[in-house]
Amino acid sequence: MPDSLSPQLDAASTPAAETLSIAGRAMRSRLLLGTGGFPSLEVLSEAIAASGSELVTVALRRVDPRARGSLLDVLAEAGVEVLPNTAGCHTARDAVLTARLAREAFATDWVKLEVIGDEDTLLPDAPELLRAAEELVDDGFVVLPYTNDDPVLARRLADAGCAAVMPLGSPIGSGMGIRNPYNLSLIRDAVDVPVILDAGVGTASDATLAMELGCDAVMAASAIARAEDPVRMARAMRAAVEAGHLARAAGRIPRRRYATASTPDAGLADFT
Amino acid sequence: MPDSLSPQLDAASTPAAETLSIAGRAMRSRLLLGTGGFPSLEVLSEAIAASGSELVTVALRRVDPRARGSLLDVLAEAGVEVLPNTAGCHTARDAVLTARLAREAFATDWVKLEVIGDEDTLLPDAPELLRAAEELVDDGFVVLPYTNDDPVLARRLADAGCAAVMPLGSPIGSGMGIRNPYNLSLIRDAVDVPVILDAGVGTASDATLAMELGCDAVMAASAIARAEDPVRMARAMRAAVEAGHLARAAGRIPRRRYATASTPDAGLADFT
Amino acid sequence: MPDSLSPQLDAASTPAAETLSIAGRAMRSRLLLGTGGFPSLEVLSEAIAASGSELVTVALRRVDPRARGSLLDVLAEAGVEVLPNTAGCHTARDAVLTARLAREAFATDWVKLEVIGDEDTLLPDAPELLRAAEELVDDGFVVLPYTNDDPVLARRLADAGCAAVMPLGSPIGSGMGIRNPYNLSLIRDAVDVPVILDAGVGTASDATLAMELGCDAVMAASAIARAEDPVRMARAMRAAVEAGHLARAAGRIPRRRYATASTPDAGLADFT
Amino acid sequence: MPDSLSPQLDAASTPAAETLSIAGRAMRSRLLLGTGGFPSLEVLSEAIAASGSELVTVALRRVDPRARGSLLDVLAEAGVEVLPNTAGCHTARDAVLTARLAREAFATDWVKLEVIGDEDTLLPDAPELLRAAEELVDDGFVVLPYTNDDPVLARRLADAGCAAVMPLGSPIGSGMGIRNPYNLSLIRDAVDVPVILDAGVGTASDATLAMELGCDAVMAASAIARAEDPVRMARAMRAAVEAGHLARAAGRIPRRRYATASTPDAGLADFT
Amino acid sequence: MIVLNGQSSDVRPGESVAAVLLHLGLDEEARGVAVAVDGEVVPRAAWDSFRLAEDARVEVLSAMQGG
Amino acid sequence: MIVLNGQSSDVRPGESVAAVLLHLGLDEEARGVAVAVDGEVVPRAAWDSFRLAEDARVEVLSAMQGG
Amino acid sequence: MIVLNGQSSDVRPGESVAAVLLHLGLDEEARGVAVAVDGEVVPRAAWDSFRLAEDARVEVLSAMQGG
Amino acid sequence: MIVLNGQSSDVRPGESVAAVLLHLGLDEEARGVAVAVDGEVVPRAAWDSFRLAEDARVEVLSAMQGG
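Protein chains in written order, with this note's numbering: chain A, 1 to 272; chain B, 1 to 272; chain C, 1 to 272; chain D, 1 to 272; chain E, 1 to 67; chain F, 1 to 67; chain G, 1 to 67; chain H, 1 to 67.
Wrong hints could be hidden among the right ones.
[As the list claims (entries may be wrong)] Here are the simulated distance ranges between beta carbons:
#1 A/228 to D/26: 27 to 33 Å
#2 F/49 to D/23: 38 to 44 Å
#3 D/23 to B/18: 56 to 62 Å
#4 A/228 to B/18: 34 to 40 Å
#5 B/81 to D/26: 39 to 45 Å
#6 H/25 to D/272: 25 to 31 Å
#7 D/26 to A/270: 55 to 61 Å
#8 D/26 to A/265: 40 to 46 Å
#9 A/42 to B/19: 43 to 49 Å
#10 A/265 to D/76: 54 to 60 Å
#11 F/49 to B/43: 38 to 44 Å
[Stated by the list, open to error] Over the 10 Å line for every Cβ pair with chain D, so calculated as not near, a few chain G residues:
#12 22
#13 43
#14 49
#15 63
Quick caveat, the hints were computed from the structure, so don't treat them as lab data.
Being a predicted model, the structure only gives us computed values, none of them experimental.
Where a beta carbon is used, it is the ideal one built from N, C-alpha and C, also for glycine.
Just need the whole structure built from these sequences, with the hints factored in.
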């Protein structure tokens, strides 16, 4: 690999796989959608359609007699798969229990594993996350862990049997994009499972960059749900992910310090 | 306008105009294509189709008896408009004369005005550029000047009657993307004519960012022509420009130092 | 704290402590020096003097009958304290054993704890690092762990009783500086023990920035030892650390999108 | 020169000149100080002493009967040279006239030439600036133009006979530092006269970086005058400029994508 | 006293989980629901048979927009 | 001696621009062609009438891929 | 009417620049002072001899903190 | 056979750590030296008394430039 300082420069041209495959499930869309933060279920429904997403996250919370079931109905109508998360869990124990309850509730053994270590930044707790991942993999779950951008932790999660890794670009909902593109590219090199950028996406270019860095997919929640026009942003993200996926496969030009004429001087007229 | 350090934060939500309008000509595509550097006219033809571009640049050079006319035939078949450039000119005089010859040759009064001030970087020469622009506007041309990222010069070019301004992101063919996003956003604020990012685009995310910063269109030449797979990169750029254009109109979320939970804690179970 | 995107903006003015205090030991210098990579012991000796450092790292390796003792003699003459490291260890067990051997060899219970998780990047292994730190703290060591830039792990290390945390800016010897200044500022907020930037420093401005972000000290090894002129670079780093330390305490001006005249217009002449 | 994307990588090791020489005047200090914005003349006086500066700027404004002369007295006592500026001028004509009045008032033919093109950003007007510079050089002035970061304009100003060029890092008083380090390094390559970073400096690391990029000196005004503790910031800037100047001359290590062990594995113990 | 979703309830010891769900207006076919008692999952198949002990802490959870 | 596109040519003084184009295998309908003589544009309409002077410098240009 | 530093003044036509400076409390030795009349520099050496015309616009400038 | 710093050695079982150090030209006052046998630290105080077993793996370490 080129001894490069510029993560994208390592985006060697690779055949653009037509489908994303996680734990044997093939998906045409490379955009995962979070369902939180939308102004209404109607807007959520429209945004799912606009995004083309096939996999969306849901949380598990105490039954609210006032609003029951309709979320699952909306997702069923949209024809998307449900990916339960363990949002709000601060220990491996709570996360594992929540995953098991989600399996009961949604009849899926997939789980987006979150073990939070800090209230202000909602950053993951590395040792607890690894512990929970190991336990859930042993218990037969398809584990997609929300992790920080540490390449070593990502590799250990993959080695533990996680079906994918979901490193952050920056804190959840911060909209700060990818703070350390270099680490994302190292994670891409470090693991063989799919890499899904999770958290921090603020706008379309963040998603495009993530794909160019070698991510296999991008997860967007607040960036779409809390945009002024969520449905339009869903379309933007869909195009952004496709753009970045195509660009990586197309093999970008190298970065150069100096210019390279796009119009040769050969045959230039002399008017002197 | 918010006293923001983050150019994109100024991307106030604006209705996404369906068409780009330059000097009264409406175009659906917001991607301009350079024709230089393609491995063959066949690839150029495919790339034009993949890009959806409606306006492509050509240069004027001494007649080569061996290869005559076919370029114009290709562009005619593609149904795109020709935008002659003055590439290679280092003085206002040469640029003005080249523009007049292009008007003769291509029966168009549009010109992409380039006045180069340095051989290594191919950066424009600000005073000569302004002089040439003033002269050509007086002569009835529709002038699209290739300029640096100086907001003051951009405004002076617009004030001189240029139909658009084409600031660089970084040197021609360098692939370094947008070195100073802040200046691009200042240029967006400084002029009322269309702003077209010209030069420096290396990959799709550069184009997406440019649109998010408020550019009305993006010009790509080497980034597509010299990519390992030019046609695929043309598709990537088309999607990238659309993504950025939609994202700006959708109104991105603000950047925050800390996290904002995308899953509320309300109703969180207590397993203690 | 201001909801700021710009780490330095959070550099609230704090009284510049005259001395750095780690585990009760006060030092005037805020620059730690690594002894590896110098062309000779003579240059090392000069560089130590030029750097003003009072604490330098050494490694523990198999006795080499050819070159024995002189390193410790040089350090003794320089009047600096020795900080043994556990470089090369990949497990908590090896790191703990190495720390105990270092205590025997150097009669110090201080240790710079390194537990490496990857050969290419030499990034730390978070769970193993935490385990080793806990064990060594229990064993009475003054533990200064080399950690990644994860604020949660840093807080857990501090909670475990480490005397300081030594987050990286970028991989050891990479010279890439601080890849994620934002995380460094979060670490500053997350712990009460001294924060010492370790690894990644390439040149003086990296050290200045680290101090402005709130680090209490900077560790430099390759940046000085492998510079073309190590002694001159040692002087540069000394000044750089002082500059950043003073600047943070001086309370920098805020960043603004627009200009603020340094020369008021009041009283401006009118020559029209 | 290396085809590098990283401006600092081009910081080839050069002998660190002991003194800065502008138009034949040698100075030991490489920090220029602006006198505007200080809370009092007393603080200004202390800050000058702390900064070690030998050249400070003053403006020309309508006589204020209430506060006359004392500024010049303070500067005389400080033993610094006066560099009049043309702040507030928007045309070549006004700037030239102001320079001539300054020559009358301060008996110096040195002038910091400012020709402003925009009220919000206070960015220079390139064509007017070049015109004024040419006229003042013809009139025997030692011209130090405040310019944007365009390498072509910088070279034309130097070719016109300016004694130095003073490119901006970002808008005056914005504290945004160096928005485009790449352009600064191109300017360094483009001219033989001293390059003095002017405008945008917000904190010490900005000044250190400027020197590492190859600037011969740094001008600071608001960064010092409007800091919470101006005198302390003056000390910080003095150290920062020295650090960057030494670091460039010391020849920094290259940036690498991967780590380079600062502690070799040779002789590593085997505890298995 | 039995705690249901963090609040004291009038559920009596010896009642089944199924009965508790009825209290909440949920029948056994309710989609997207899961139950934990004292920090352990109670599988749907055991909702009828599982009897709540004195001081049981019951969590009845369902899908919510998130993440 | 007349210089055609930077090279000495056997074009003789007094010949028309149209004649020069024929030398290059171009007829008057040639699309995408423009001509400058001694740094001035010669409009298509003048190709027949414009006669080349001694030492004329002629530039005959056409479209090329670029920019 | 003569305008002094942007404001109408009671300076009368025919007065010298030196006289104007006295109005402002400045003598000829005043350091750091420069004078422009109608957009032209009036050198210190001419302060005595230079007589102000009807409607002259006078600018008297000195050092101020700046830049 | 006893392994000394990763290499086979002629150190014989029953010899003391102190003796091994002498093999390496180190006396008991040697500064900056530490010894591990079979993955355990042998404190300086035990160098005399500690006898090496068959197949002992001995690591004798000292300071090296690093980090």
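Verification of the supplied hints:
1. A/228 to D/26: 27 to 33 Å: 59 Å, violated
2. F/49 to D/23: 38 to 44 Å: Given about 59 Å between the Cβ atoms, the range is violated.
3. D/23 to B/18: 56 to 62 Å: 58 Å, holds
4. A/228 to B/18: 34 to 40 Å: 19 Å, violated
5. B/81 to D/26: 39 to 45 Å: Roughly 60 Å apart at Cβ, these two residues miss the hinted range, so it is violated.
6. H/25 to D/272: 25 to 31 Å: 27 Å, holds
7. D/26 to A/270: 55 to 61 Å: With a Cβ separation near 47 Å, residue 26 of chain D and residue 270 of chain A fall outside 55 to 61 Å, so the hint is violated.
8. D/26 to A/265: 40 to 46 Å: 44 Å, holds
9. A/42 to B/19: 43 to 49 Å: Between residue 42 of chain A and residue 19 of chain B, where Cβ atoms are some 29 Å apart, the hint is violated.
10. A/265 to D/76: 54 to 60 Å: 57 Å, holds
11. F/49 to B/43: 38 to 44 Å: 42 Å, holds
12. 22: 12 Å, holds
13. 43: Check fails; 6 Å does not lie beyond 10 Å.
14. 49: Correct as stated: the minimum Cβ-Cβ distance to chain D is 16 Å, above 10 Å.
15. 63: 5 Å, violated
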